[in-house]
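Colleague: Given the coordinates of chain A, assemble chain B onto it according to the supplied hints.
2 protein chains.
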Amino acid sequence: MRLVTVGSVAFDAIESPFGKTDKIVGGAGTFITLASSFFVKEQGIISVVGDDFPASTIENMKAKGIDIQGIQIKAGEKTFFWSGRYHNDMNSRDTLVTELNVLEHFNPIVPQAFQGADYLMLGNLSPQVQRMVIERMEKRPKLIAMDTMNFWMDIALEELKKTMALVDVLIINDEEARQLSGVYSLVKAAKVIRAMGPQIVIIKKGEHGALLFHEENMFFAPALPLEDVFDPTGAGDTFAGGFMGYIAATDDFSFENMKRAIIAGSALASFCVEKFGTQRLLELTKKELNARVKQFVTLGNFEMKEV
Amino acid sequence: MRLVTVGSVAFDAIESPFGKTDKIVGGAGTFITLASSFFVKEQGIISVVGDDFPASTIENMKAKGIDIQGIQIKAGEKTFFWSGRYHNDMNSRDTLVTELNVLEHFNPIVPQAFQGADYLMLGNLSPQVQRMVIERMEKRPKLIAMDTMNFWMDIALEELKKTMALVDVLIINDEEARQLSGVYSLVKAAKVIRAMGPQIVIIKKGEHGALLFHEENMFFAPALPLEDVFDPTGAGDTFAGGFMGYIAATDDFSFENMKRAIIAGSALASFCVEKFGTQRLLELTKKELNARVKQFVTLGNFEMKEV
Numbered sequence: 005m006r007l008v009t010v011g012s013v014a015f016d017a018i019e020s021p022f023g024k025t026d027k028i029v030g031g032a033g034t035f036i037t038l039a040s041s042f043f044v045k046e047q048g049i050i051s052v053v054g055d056d057f058p059a060s061t062i063e064n065m066k067a068k069g070i071d072i073q074g075i076q077i078k079a080g081e082k083t084f085f086w087s088g089r090y091h092n093d094m095n096s097r098d099t100l101v102t103e104l105n106v107l108e109h110f111n112p113i114v115p116q117a118f119q120g121a122d123y124l125m126l127g128n129l130s131p132q133v134q135r136m137v138i139e140r141m142e143k144r145p146k147l148i149a150m151d152t153m154n155f156w157m158d159i160a161l162e163e164l165k166k167t168m169a170l171v172d173v174l175i176i177n178d179e180e181a182r183q184l185s186g187v188y189s190l191v192k193a194a195k196v197i198r199a200m201g202p203q204i205v206i207i208k209k210g211e212h213g214a215l216l217f218h219e220e221n222m223f224f225a226p227a228l229p230l231e232d233v234f235d236p237t238g239a240g241d242t243f244a245g246g247f248m249g250y251i252a253a254t255d256d257f258s259f260e261n262m263k264r265a266i267i268a269g270s271a272l273a274s275f276c277v278e279k280f281g282t283q284r285l286l287e288l289t290k291k292e293l294n295a296r297v298k299q300f301v302t303l304g305n306f307e308m309k310e311v
Numbered sequence: 005m006r007l008v009t010v011g012s013v014a015f016d017a018i019e020s021p022f023g024k025t026d027k028i029v030g031g032a033g034t035f036i037t038l039a040s041s042f043f044v045k046e047q048g049i050i051s052v053v054g055d056d057f058p059a060s061t062i063e064n065m066k067a068k069g070i071d072i073q074g075i076q077i078k079a080g081e082k083t084f085f086w087s088g089r090y091h092n093d094m095n096s097r098d099t100l101v102t103e104l105n106v107l108e109h110f111n112p113i114v115p116q117a118f119q120g121a122d123y124l125m126l127g128n129l130s131p132q133v134q135r136m137v138i139e140r141m142e143k144r145p146k147l148i149a150m151d152t153m154n155f156w157m158d159i160a161l162e163e164l165k166k167t168m169a170l171v172d173v174l175i176i177n178d179e180e181a182r183q184l185s186g187v188y189s190l191v192k193a194a195k196v197i198r199a200m201g202p203q204i205v206i207i208k209k210g211e212h213g214a215l216l217f218h219e220e221n222m223f224f225a226p227a228l229p230l231e232d233v234f235d236p237t238g239a240g241d242t243f244a245g246g247f248m249g250y251i252a253a254t255d256d257f258s259f260e261n262m263k264r265a266i267i268a269g270s271a272l273a274s275f276c277v278e279k280f281g282t283q284r285l286l287e288l289t290k291k292e293l294n295a296r297v298k299q300f301v302t303l304g305n306f307e308m309k310e311v
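If you're matching them up, the sequences are chains A and B in order.
Residue numbers for the first sequence follow my numbering, beginning at 5 and rising by one.
Residue numbers for the second sequence follow my numbering, beginning at 5 and rising by one.
Derived by calculation from the structure, the hints in this document are not laboratory data.
Take these hints with a grain of salt, some might be off.
No distinction is drawn between identical chains; accordingly, a pair holds when it is met within one copy or between any pair of copies.
Cut-off 27 Å, straight-line C-alpha distance, at most; resulting in silico cross-link-like pairs (DSSO-like, lysine-lysine) [claimed, not checked]:
hint: 1; residue 1: 68; residue 2: 309
hint: 2; residue 1: 143; residue 2: 279
hint: 3; residue 1: 192; residue 2: 24
hint: 4; residue 1: 45; residue 2: 309
hint: 5; residue 1: 45; residue 2: 143
hint: 6; residue 1: 45; residue 2: 166
hint: 7; residue 1: 195; residue 2: 209
hint: 8; residue 1: 298; residue 2: 192
hint: 9; residue 1: 195; residue 2: 298
hint: 10; residue 1: 263; residue 2: 298
hint: 11; residue 1: 291; residue 2: 192
hint: 12; residue 1: 298; residue 2: 209
hint: 13; residue 1: 45; residue 2: 68
hint: 14; residue 1: 298; residue 2: 24
hint: 15; residue 1: 279; residue 2: 45
hint: 16; residue 1: 45; residue 2: 66
hint: 17; residue 1: 192; residue 2: 166
hint: 18; residue 1: 192; residue 2: 209
hint: 19; residue 1: 298; residue 2: 309
hint: 20; residue 1: 82; residue 2: 27
hint: 21; residue 1: 68; residue 2: 298
hint: 22; residue 1: 27; residue 2: 78
hint: 23; residue 1: 298; residue 2: 45
hint: 24; residue 1: 165; residue 2: 195
Just chain A, same shape as in the assembly:
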């Protein structure tokens, strides 16, 4: 198997200046695997849901080539639920409800078919669960990437550091990078974080793009300036899934190829925000995606040698 992802498959309810949803399908694992399915044909997901979760959604994942045998369905339990409200600027949000439900005692099981996978993506979850997955892989994957968030820095920093020490790539946003490192400059923050374990640090800046750091190399990918941002939920997971899916599909994590993977992730994320939840990603065609990749190429392109 090329790529294994562990991450939540969940329900979200979203309020934004553009409208309000009922419970819709969300979760880091959902967005990550959906995004990576644009590139990688052979991938599996490890997750847990309650028996309230629609079987049709899991069937749809299968149809996208995602091996779902790592999804545990807990009889008599409820799926993880998150509800939030976005402010007018779409950059800040309030969490209205968090019901952990099945995630509270999530014991991730790695199916035999997933053993020997080349690439591992740890979606945002408790660092203990993320570490369990690493430990349960019989062969260490070539590249392990990890997403996390400020929540775990607040309540489980030591556990987070233990898991971070085991991974190759850390993907976090700018505020999280500052919190984790204790420094404001992102250049300095990346150095501090790289000393904690991950040799590759990707800092997501939302509408301001993303930065990639590896050794003395730095790459900046812009975000595509958009007329409307409809729902940012899942954009970070989509970015991570696009990145890791591209890396896994090309089986190349040279710095040059990581740049392309970041553009692939950024392009997917730019679609994700155009509609609520996973809707836009589900409709998206490879042709549309490639047209947007071209926009990214054009956006930052200039020819210059010296002044």
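Modeller: This is chain B only, laid out in the frame that chain A set:
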């Protein structure tokens, strides 16, 4: 004459987490002309100072090839003075003191030697003064660029709109673009602003780079991520001066060349913030500048056709 700039030549006093200055030389006109002097050999400045302003500073401007006969020296009056304190993130600041002094009744005089100039840069000043300079040019320059700020939107919006209607390029920051247009999306904001007159809109996003809009074209230039930002004062003016100096020196305002001009301005601005006031720009060599331009080329460079 190739380029004429109108803008303040002033005193600043700055407090930041890195230290505190006495009165040092600042002002939009100072930073703009200093930046553009890296490219354009024949330029003039229109400004006003009091007799408290050091003659040596004006001599230094002359030494940089800046024609200073447009600087009025008002006997018995004091130079414009601004004092501010930067917060820890260096992105927000409080104004501590603003003494308009000679700027209060500034009546800009265009010396005969400045008539016929090809390019005109209107540094941040009251829109009435900016418009007076346009009206006092006997021949309309090929390209007129204008910087402004939220202060004028708050107290002189109608005057600002009148001046904007006469210019080709508007250079403002993201918050100002949102205030002026009344919309949050910068893509939409640029459309609204272009309908007000300026066909070219440049939106500065500080540490997040800059956007250039012209017709259906959009270009994004990153800012160079820095280890330390020492003093952001004048960075926006330096950017504008670098942009306009590059355009004037190359005498080319095609979209492709405007991109290069933005990189030139961004590179100069990245030096400006390394020391207090104009200090770093005064020491800067062309060799250092070109090395930084190369860093900008590398920073956002990737090779990709499709996914």
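Colleague: Each hint should be assessed against the structure and marked as holding or not.
Modeller: Taking the hints in turn, this is what the structure says about them:
1. Only between protomers do residue 68 and residue 309 lie at most 27 Å apart by alpha-carbon distance; the minimum there is 24 Å, versus 45 Å within a single protomer.
2. In this assembly of identical chains, the alpha carbons of residue 143 and residue 279 never lie at most 27 Å apart, being 39 Å within a copy and 51 Å across copies at closest.
3. With identical chains, the CA atoms of residue 192 and residue 24 are at most 27 Å apart between copies only, with a shortest distance of 23 Å across copies and 40 Å within one.
4. For the homomeric pair residue 45 and residue 309, the shortest alpha-carbon distance between copies (20 Å) is at most 27 Å, but the shortest distance inside one copy (41 Å) is not.
5. Taking the closest pair of Cα atoms, residue 45 and residue 143 come within 27 Å of each other only inside a single copy of the chain (21 Å); across copies the shortest separation is 65 Å, beyond that limit.
6. When the C-alpha separation of residue 45 and residue 166 is checked against a cutoff of 27 Å, the pair qualifies neither within a copy, at 32 Å, nor between copies, at 58 Å.
7. Within a single copy, residue 195 and residue 209 get their C-alpha atoms as close as 17 Å, and across copies as close as 24 Å, so both meet the 27 Å cut-off.
8. In this homomeric assembly, residue 298 and residue 192 come within 27 Å of each other (Cα to Cα) only across copies, at 21 Å, whereas the closest approach inside a single copy is 32 Å.
9. Taking the closest pair of Cα atoms, residue 195 and residue 298 come within 27 Å of each other only across two copies (22 Å); inside a single copy the shortest separation is 32 Å, beyond that limit.
10. Taking the shortest alpha-carbon separations for residue 263 and residue 298, both the intra-copy value of 15 Å and the inter-copy value of 18 Å come in at or below 27 Å.
11. For a Cα distance limit of 27 Å, the shortest separation of residue 291 from residue 192 across copies, 26 Å, qualifies, whereas the shortest one inside one copy, 39 Å, does not.
12. When the C-alpha separation of residue 298 and residue 209 is checked against a cutoff of 27 Å, the pair qualifies both within a copy, at 21 Å, and between copies, at 23 Å.
13. Only within a single protomer do residue 45 and residue 68 lie at most 27 Å apart by alpha-carbon distance; the minimum there is 8 Å, versus 61 Å between protomers.
14. Taking the shortest alpha-carbon separations for residue 298 and residue 24, neither the intra-copy value of 32 Å nor the inter-copy value of 47 Å comes in at or below 27 Å.
15. For the identical chains of this complex, residue 279 and residue 45 are intra-copy neighbours only, at 25 Å inside a copy versus 52 Å across copies, given an alpha-carbon limit of 27 Å.
16. When the C-alpha separation of residue 45 and residue 66 is checked against a cutoff of 27 Å, the pair qualifies only within one copy, where the shortest distance is 11 Å, while the shortest distance between copies is 66 Å.
17. Taking the closest pair of Cα atoms, residue 192 and residue 166 come within 27 Å of each other only inside a single copy of the chain (21 Å); across copies the shortest separation is 45 Å, beyond that limit.
18. In this homomeric assembly, residue 192 and residue 209 come within 27 Å of each other (Cα to Cα) both inside a single copy, at 16 Å, and across copies, at 21 Å.
19. For the homomeric pair residue 298 and residue 309, the shortest alpha-carbon distances inside one copy (23 Å) and between copies (7 Å) are both at most 27 Å.
20. Proximity of residue 82 to residue 27 under the C-alpha cut-off of 27 Å is restricted to the intra-copy arrangement: shortest distance 13 Å within a copy versus 65 Å between copies.
21. Proximity of residue 68 and residue 298 under a CA criterion of 27 Å is satisfied intra-copy only: 24 Å inside one chain copy versus 42 Å between copies.
22. With identical chains, the CA atoms of residue 27 and residue 78 are at most 27 Å apart within one copy only, with a shortest distance of 19 Å there and 69 Å across copies.
23. In this homomeric assembly, residue 298 and residue 45 come within 27 Å of each other (Cα to Cα) only inside a single copy, at 23 Å, whereas the closest approach across copies is 38 Å.
24. Proximity of residue 165 and residue 195 under a CA criterion of 27 Å is satisfied intra-copy only: 15 Å inside one chain copy versus 46 Å between copies.
Hint check: violations occur at hints 2, 6 and 14; the rest are consistent with the structure.
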